[in-house]
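Per the numbering used here: the sequence shown = residues 27 to 238.
Simulated from the structure, these hints should not be mistaken for lab results.
Some hints here could point you the wrong way.
What the hints assert, rightly or not - Below, computed lysine-lysine pairings styled on PhoX-like, alpha-carbon distance capped at 20 Å:
no.: 1; residue 1: LYS199; residue 2: LYS164
no.: 2; residue 1: LYS200; residue 2: LYS164
no.: 3; residue 1: LYS225; residue 2: LYS199
no.: 4; residue 1: LYS200; residue 2: LYS170
no.: 5; residue 1: LYS212; residue 2: LYS88
no.: 6; residue 1: LYS170; residue 2: LYS54
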Amino acid sequence: EVFGDIGACGFGAFAEYVSVPENALVLKPANMTFEEAAAVPQAAVVALQGLRDKGQIQHGQKVLINGASGGIGTFAVQIAKSFGAEVTGVCSTKNLDMVRSIGADQVIDYTREDFTKDGQRYDLILATAGYRSIFDYKRALSPKGIYVWAGGSMAGLFQAVFLGPLISMTGSKKMGNVVPAGTIQKDLTFLVDLLEAGKVVPVIDRRYPLGE
Numbered sequence: 027e028v029f030g031d032i033g034a035c036g037f038g039a040f041a042e043y044v045s046v047p048e049n050a051l052v053l054k055p056a057n058m059t060f061e062e063a064a065a066v067p068q069a070a071v072v073a074l075q076g077l078r079d080k081g082q083i084q085h086g087q088k089v090l091i092n093g094a095s096g097g098i099g100t101f102a103v104q105i106a107k108s109f110g111a112e113v114t115g116v117c118s119t120k121n122l123d124m125v126r127s128i129g130a131d132q133v134i135d136y137t138r139e140d141f142t143k144d145g146q147r148y149d150l151i152l153a154t155a156g157y158r159s160i161f162d163y164k165r166a167l168s169p170k171g172i173y174v175w176a177g178g179s180m181a182g183l184f185q186a187v188f189l190g191p192l193i194s195m196t197g198s199k200k201m202g203n204v205v206p207a208g209t210i211q212k213d214l215t216f217l218v219d220l221l222e223a224g225k226v227v228p229v230i231d232r233r234y235p236l237g238e
């Protein structure tokens, strides 16, 4: 049994059978359902690339995940914990308990508290709901902190791509980091180890029959 991302292979995801390159797939962990495995490509890979590759995450760092209850965010919280980080998750009121349950050390309800104005500073911020100004994120970073954009508005993407490098040139904070699209087999293999160990568990809100 295998799983992977066939997005780069053309159409056909709803087909009963599909032929794809071997390097698009990895072995599915025995402790995962196909529904859980289907949630991993894209979302978990973006979280991994954002934290490890773009964010250069280190053990003991203070990491903030904005959008912690979403597809990328739920993986990001767990992956950051697997690296030994202290994780703060930002989400809405109804999702606070869920974000705690997947490992967040602290949770912030964005409807009641502004994490960019509470005086806390973070070594790494991964914005999966990057709707705030890049200058807000800059204010919440530690002196050598890194901001990574992994989803949100086009304005947020524009700021990360064009303003980020300019801001980075004026200080020690790194602001111009955007997670690229695309799933890589070696990243899926890395994630399989975490999934098999139970360090990362896909969060599925509900399941639907194929007919729906």
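Okay, the hints, checked on the actual structure:
1. LYS199 / LYS164: Holds: LYS199 and LYS164 sit about 7 Å apart, inside 20 Å.
2. LYS200 / LYS164: 9 Å, holds
3. LYS225 / LYS199: Measuring from Cα to Cα gives roughly 30 Å; hence the hint is violated.
4. LYS200 / LYS170: Given pair LYS200, LYS170 holds - Cα atoms ~7 Å apart, limit 20 Å.
5. LYS212 / LYS88: 26 Å, violated
6. LYS170 / LYS54: 38 Å, violated
Hint violations for this structure: numbers 3, 5 and 6, all remaining hints satisfied.
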